[in-house]
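Respectively, the protein sequence lines represent chains A and B. Take the first sequence: its position 34, counting from 1, is numbered 34 in this note's numbering, and each next residue is one higher. All you need for this note's numbering is the position in the second sequence, starting with 1, plus 1000.
Rather than coming from a laboratory, the hints here were simulated on the basis of the structure. Since the model is a prediction, treat every value here as computed from it, not as a measurement. Backbone N, C-alpha and C define an ideal beta-carbon position, used for all residues, glycine too. If a hint is listed, it holds; no wrong ones were tucked in.
Coverage of chain B stretches by chain A, computed from C-beta distances (three or more under 8 Å per stretch; other residues unrestricted):
| hint | segment |
| --- | --- |
| 1 | 1023-1034 |
| 2 | 1041-1052 |
| 3 | 1065-1076 |
Straight-line alpha carbon distances no greater than 20 Å define the calculated DMTMM-like cross-link-like pairs of lysine to aspartate or glutamate that follow:
| hint | chain 1 | residue 1 | chain 2 | residue 2 |
| --- | --- | --- | --- | --- |
| 4 | B | LYS1024 | A | ASP33 |
| 5 | B | LYS1024 | A | ASP25 |
| 6 | B | LYS1024 | B | GLU1080 |
Simulated restraints, written as ranges between beta carbons of each label pair:
| hint | chain 1 | residue 1 | chain 2 | residue 2 | range |
| --- | --- | --- | --- | --- | --- |
| 7 | A | ALA166 | B | ARG1067 | 52 to 58 Å |
| 8 | A | ARG48 | B | ARG1067 | 18 to 24 Å |
| 9 | B | ALA1092 | A | VAL266 | 43 to 49 Å |
| 10 | B | VAL1037 | A | ILE83 | 53 to 59 Å |
| 11 | B | SER1095 | A | TRP6 | 45 to 51 Å |
| 12 | B | VAL1039 | A | VAL266 | 34 to 40 Å |
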Amino acid sequence: MTGDPWLVRALLACYPASWRRRYGDEYAQLLCDLRIHRRPRLIVDSLRGALGAALNQGGPLMSNRSPMTTAVWAAGLFTVAGIGFQKLAEDFTGVAGSVYTLLIAAAAVALLALVAAAAPTAVALLRGRDTGAWRYVAVPVLGAAAWYGVLRLALAISHGHGVHSAPNVTGFVLVAVTGIAVVAATAWAAGTVLRRVPADQPTRLRPAALVVLAAGMAVTTAVALVWGLRVQAGDPTAFHGDQGILATPFVPSWIATVVLMAAATVLATIAGRRQLLATR
Amino acid sequence: MVDELGRWAEPGLLVLASLADGDKHGYAITNDIAEQVGVSLGPGTLYAALSRLEERGLIEGLPAEGRRRPYRLTAAGATELSAQATRMQRLATLSLGRLRLAPA
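Make a model of the complete structure from these sequences and hints.
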């Protein structure tokens, strides 16, 4: 290999794995032939090509265009947003109570829809159609155990310290980052199982379930928005005070959770649309 | 019409035109297009076009020669290139004719 092997490997690594399996060797040779290390314009072109390849496949987190993979990542994002919302709402028990109940119900419907969509794969897994896939089931269990360990550590670090003190913030960041990592690892494991386990799919179950998933998320997002407005109407001092996550201003925490929910809804809608198109 | 012009200008057509002259690997295609048309295709653009054309069955990859894989125009690719070139020729004739008729 002539030229800069490190640069060629790095540019190649920007492409999705499935693309690399098909074109990797010849593309690496072309980059060497073009002496890419001396031509910045071609480096930019290669990066643009990698972005296009990733988007064409639904992005690096959603390889091979599987609607269920997209739906699982949407559910992961929605879970993170939901935990954030729960953390935000814990100081407002009784405020906008009926709205809060509606939010919980809509979120439950969304997540039950995801379970329904994934049920045929779970059945196939239980029937032993892919025994190797069982190891992915361990990911959320080990992740939850790791998160609990980090939580205990964070509690020990922050014990006796004020809310904005360095130990408390460190503990919170540790718990939050680990939690997000566990959710991401679980989504990855679920997506892998859904891709590799051959399942019998009732024709209408999965599209219907994904439509319900997107609708449930949309309702949850709208209700979270209304919930914040109700808090503003019912308790303006809280709305403008430091009752957000980790005793930060309320409004940024509220907006962040609503935006995350909206993003999850968009992803779920994309997944539902793809599934509908695939079953036509 | 804008869409059609965009399609004519796209790298895929340049690749089809290059392969109409014989099988070539990636580097040979970029050199051929640069020499014949004066367009410099970057590696990302070239392989986006190659994968799209291959997916549509307009070209096919041949067995690799070392780390280089030559590509060949398929019958469907030749038909597509011919159809596009005919339309471009018709447009070129029309445009040049009308420009000559137009008062200065």
